[in-house]
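**Student:** Using the sequences and the hints, build the whole thing.
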Amino acid sequence: KAGVTQTPRYLIKTRGQQVTLSCSPISGHRSVSWYQQTPGQGLQFLFEYFSETQRNKGNFPGRFSGRQFSNSRSEMNVSTLELGDSALYLCASSLTSGGAPYNEQFFGPGTRLTVL
Amino acid sequence: AQSVTQLGSHVSVSEGALVLLRCNYSSSVPPYLFWYVQYPNQGLQLLLKYTTGATLVKGINGFEAEFKKSETSFHLTKPSAHMSDAAEYFCAVTPGGGTSYGKLTFGQGTILTVHP
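Each protein sequence line maps, in turn, to chains A and B. Numbering follows the numbering used here, with no gaps: position 57 of the first sequence is 57. Numbering follows the numbering used here, with no gaps: position 54 of the second sequence is 54.
Check the hints yourself; a few may be wrong.
To be verified - Result set (DMTMM-like, lysine to aspartate or glutamate): computed pairs, CA atoms no more than 25 Å apart in a straight line:
no., chain 1, residue 1, chain 2, residue 2
1, B, Lys68, A, Glu104
2, B, Lys58, A, Glu104
3, B, Lys58, B, Glu71
As the list claims (entries may be wrong) - Covered stretches of chain B (in silico footprint by chain A; criterion: 3 or more residues with CB under 8 Å from a CB of chain A, positions within the stretch not fixed):
no., segment
4, 36 to 45
5, 106 to 116
These are computed hints drawn from the structure, not numbers from a lab. All values derive from a computational prediction rather than experimental measurement. Even for Gly, the Cβ is constructed at its ideal location relative to N, Cα and C.
**Tutor:** In structure tokens, the structure reads:
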């Protein structure tokens, strides 16, 4: 079974631009979560989508948004990029989220965003 | 609210020596606990998890961890380090029962170096 895929793997943008990152979950997984990883702040939760609905959101400004499509693929968008948005953006998929038993999150390789 | 503290941002061991990576957590409800490993330019891979049941959990690649509620700890150990264990390790927590949809709270990470 193919793993979680993220495109593109690397991206360079300039301040003020916007960017869209894509995540394709493992087949059959309906939950997709996004995380930002930086040397200073570590791994931080952005948001989670399930069946096209955002069910949980981290403490990030409104410039960060996402969506999920009916095939469970997800995109995240960052508008008006700032230098501090440079990071590795990871997505993770799971069968479901919430309730028991716990369903493991499987992570993709990430998209490395550099903002100049 | 949940939080994770990993003691020691860098740990160095000799090949064949014991690996001990420390993790303490704070959680307002019974937690689910995880250890992930990240190799350079890759996503996160789950090593092991504690949800319910036995407090000594065995994972992949010879790693194990013990959930100690009284000490709020979930330390990761491996009896004999191998060169291939060199990576960054993350401890993570989420509320038990799956009430925090998709959200894992991570520690700051510990970089493990293995010397020949």
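**Student:** Against this structure, judge whether each hint is valid.
**Tutor:** Hint check results:
About 22 Å separates the Cα atoms of Lys68 of chain B and Glu104 of chain A, which keeps this hinted pair within 25 Å; it holds. Of the pairs offered as hints, the one joining Lys58 of chain B and Glu104 of chain A holds, with about 16 Å between alpha carbons and a cut-off of 25 Å not exceeded. Distance hint between Lys58 of chain B and Glu71 of chain B is fulfilled; the C-alpha atoms sit about 19 Å from each other, no more than 25 Å. Given as covered by chain A, the segment 36 to 45 of chain B passes the check, having 6 residues with a CB less than 8 Å from a CB of that chain where 3 are the minimum.
With a cut-off of 8 Å between beta carbons, the segment 106 to 116 of chain B has 4 residues touching chain A; three or more are needed, and the interface restraint holds.
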